[in-house]
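Chemist: Join the two chains, each given in its own frame, into one complex according to the hints.
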Amino acid sequence: MPISRPTDVTATLDALAASPDADLLAGGTDLVVEVNLDRRRPEHVIALRRVTELAGHDTTDGRLRLGANVTYSEVEHDLAQLVPGLAMAARTVGSPQIRNAGTLGGNLGTASPAGDTLPWLLAMDAEVELASPEGDRSVPLANFLTGPKSTARRPAELITGVRLPRVEGPQHVSKIGPRNAMVISVACFAIVLDTTNRRVRTGMGAVGPTVLRSPDAERAVTQALDWDALTCPEDAIDAFGRACAEATAPITDHRSSAEYRRHAVGVLARRALRRCLST
Amino acid sequence: MTGATESYELDVDGRALPVAAAWLGESLLYVLRERLGLPGAKNACEQGECGSCSIFLDDVLVNACCVLAADATDARIRTVEGFGDADHLSDVQAAFLGTGAVQCGFCTPGLILAVHDLLDQVPDPTGLEVREAISGNLCRCTGYGRILQAVEEVKATRSGASGPRGESP
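Residue numbers (numbering that gives the first Met the number 0), protein chains in the order written: chain P, 0 to 278; chain U, 0 to 168.
In isolation and in its complexed conformation, chain U is listed as follows (with noise of 0.2 Å):
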């Protein structure tokens, strides 16, 4: 790649990883993928239009290729590689797995984190938010429906766990 490079360090599920002479240009989409071996961020329609690279930049959820690698430094970046691994799923990610909310799981990380965001900030959405929550996700396999489900049943174990319901199954 020719052209203007830039040497930086990112702040990435609480690692500090030095990137060397990245070309100015690259989104910090590429960056995780390319040059930090992170895969969990996907990479579609390179326009923010998709959700399949949500991730978060200091708590706020964004699409990683919208964001100038460059211009995440001293930022806190939360990937889906940070929020669980096969041994340790996450509650959405559990959920998602368990109401069979994935089927080629290409959309499946941004959307655990689109659920992350909405169920840390509102913790007992309506349909209408949660569905507002996720419209920046494409899943072109699903339909939704088990998504949905997989939401519900976060909502309800969280609810049960520590809610004037009191009982969790």
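Chain P with its partners taken away, still in its complex shape (with noise of 0.2 Å):
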């Protein structure tokens, strides 16, 4: 049979054993467009949309579940409370008809280096939840992007979700291109200020072979910046934008130069860190 269109993950996984090789379709807009300029010829696809686990978002302990099939308009409308990151991230895919048809699983499994909700995902240390006959497994997405467009999916597996703690405190997604819609990233920079712990948490997108963060930026910030007041001195964010855009391995291609990319990232990094501490 060509397409399969089940309705739960049980039948989703059996589908996926009798063929390996088949083509996972959520939202269509990267694979759909791969078939249309003729990148790829789809012998058994697998449509999920039907597929009622990767619906919806949970809240349980603290830690929030978000299903893959959930797209980046729900992201930007519904949830924007829950992930303010997220949904910052989100308002900036494509159009509004790019964000009613694609998903957070498809971000994921498409693993473009820059993918745009995936710099916001690394800050909050995600883990990519995986379904196979074998059992469950979450993977932290660090280790779950291998490369780009490469991910550590085995192929008798399906990503049904993304986890992630609940962090208090101010946050920013920015993101670079040469127009504010329809543009894939040139630079995209994430940032969590993680009140509770204290904690600096930040993720780069388009500057690497997948998203990177920069330990060492993150550890210096986290030490300059005044907590109780979210103050940070001048010199520590010109510094953290310095050592953000140092951490970076960006390529030059048709869309910028790695030099800009380079510099775009640790303007970004700045601009982003400003927006969260108190004026």
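Calculated directly from the structure, the hints in this document are not laboratory data. Any given hint could be a false lead.
Partial selection, computed: residues in chain U whose CB lies under 10 Å from chain P [what the hints assert, rightly or not]:
hint: 1; residue: A3
hint: 2; residue: G24
hint: 3; residue: G47
hint: 4; residue: L60
hint: 5; residue: V66
hint: 6; residue: D70
hint: 7; residue: T72
hint: 8; residue: A74
hint: 9; residue: F82
hint: 10; residue: D84
hint: 11; residue: S89
hint: 12; residue: I133
hint: 13; residue: S134
hint: 14; residue: L147
hint: 15; residue: Q148
Far from chain P, some chain U residues (derived; all Cβ distances over 10 Å) [to be verified]:
hint: 16; residue: R14
hint: 17; residue: A15
hint: 18; residue: V18
hint: 19; residue: E45
hint: 20; residue: V59
hint: 21; residue: L96
hint: 22; residue: A113
hint: 23; residue: D116
hint: 24; residue: R157
Keep in mind the model is a prediction, meaning the values are calculated, not measured. By construction, the Cβ of each residue, glycine as well, lies at the ideal position given by its N, Cα and C atoms.
Modeler: Put into structure tokens, the structure is as follows:
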């Protein structure tokens, strides 16, 4: 059967076991475009939009789970209070039409270095939830993303969602591209000031083979911050931008030069940090 | 076309339309235009960039070029053909004509649906909300000025018909 339209995870895993090379279809904004451009000719598609367990979100014990089929529009409109940084990232994706279709599971599965949700998810130490006939497992995002468009997902596995801690404190996501809509990231920066654990968390997109963070920059700015007043000395903000830029490994391509990407992400880092501080 | 084929039925503008032995990789845009004779959704970029193929899938505005047709079974599809015809224009279609928001017309069907989507959800959008709502629909002729004017006109007419101001011209 060329297309499977399962309605639950068990049936999806059965279909995947029967055709390990099948293309998994979520919002279609990556897969169908590849087919349109004749970069891929599907022999078997497993369509995921009817799989009930992949929908919605829930919170338990201070942790949050977002289903793989949650769209950018749902994040932007319904989850802005719960995950403000992710909502900011979701708002930068494509157009309303793309945000209505594209999903978190798709962003994770495609694993583009420029994936718009990935920097914030990395900053949050998100874990990718995978189901398989052998059982479920969770993989930290940093280990899940193994290179440009490559992941640790095994052929029999299905991305069912993403898990993350609830973190208190200001957060911000910024992205650079030629215009505000319909833009693939030239550089992206996510920051979370975790005021409970007094720790700065960051993620950088489109400036390396996968999304990156700079542990050195995080450590230094964590120490420089006045966590009670939420202020930071100017020289420490500048040093933070420089340290973030130095931690990148960008390439030059048709969207940007490596030099511009490195420069831009440093600017974004300073700007995003300032937006999280008290004025 | 060689490769895997699939037969299915699509619910388009309230009609159940059979699609027989279509190649698995066909987009909904291709099936609407080339198999079902519904050319309202336009084919330009085929990569979700231009919005000229905007349609509603279960009341959600999406690009038909990014929908796999064989996955659109058991979904309610609405195209611009379902919104009006020459004798019965929707208020958005009439406003586009009245303000001169149409030049070559290629982007118009997608824009009509994007504006319907916006005004049906947000009756009184701000200027920024309007711009954001049509940010995925590229128009290379009009410069958008008259499109924005058409949106304002529909807004005014709709609020005049039902809002507190209560008087339509």
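Chemist: Each hint: holds or not?
Modeler: Here is how each hint holds up against the structure:
1. A3: 4 Å, holds
2. G24: 4 Å, holds
3. G47: This interface hint holds because 5 Å falls under the 10 Å limit.
4. L60: 6 Å, holds
5. V66: 6 Å, holds
6. D70: With a closest approach of 4 Å, the D70 of chain U hint holds.
7. T72: Check passed: Cβ of T72 of chain U comes within 7 Å of chain P, closer than 10 Å.
8. A74: Holds: closest Cβ of chain P sits about 9 Å from A74 of chain U, inside 10 Å.
9. F82: 16 Å, violated
10. D84: Hint violated; D84 of chain U Cβ to chain P Cβ min 24 Å, cut 10 Å.
11. S89: 19 Å, violated
12. I133: 8 Å, holds
13. S134: 4 Å, holds
14. L147: 15 Å, violated
15. Q148: 21 Å, violated
16. R14: It holds; R14 of chain U is separated from chain P by about 21 Å at its closest Cβ, greater than 10 Å.
17. A15: Check passes; 17 Å lies beyond 10 Å.
18. V18: Holds, because the least Cβ-Cβ distance between V18 of chain U and chain P comes to about 12 Å, which exceeds 10 Å.
19. E45: Since the minimum Cβ distance to chain P is about 4 Å, E45 of chain U lies within 10 Å and the statement is violated.
20. V59: Violated, because the least Cβ-Cβ distance between V59 of chain U and chain P comes to about 5 Å, which does not exceed 10 Å.
21. L96: 24 Å, holds
22. A113: 7 Å, violated
23. D116: 8 Å, violated
24. R157: The claim holds: R157 of chain U sits with its nearest Cβ about 20 Å from chain P, beyond 10 Å.
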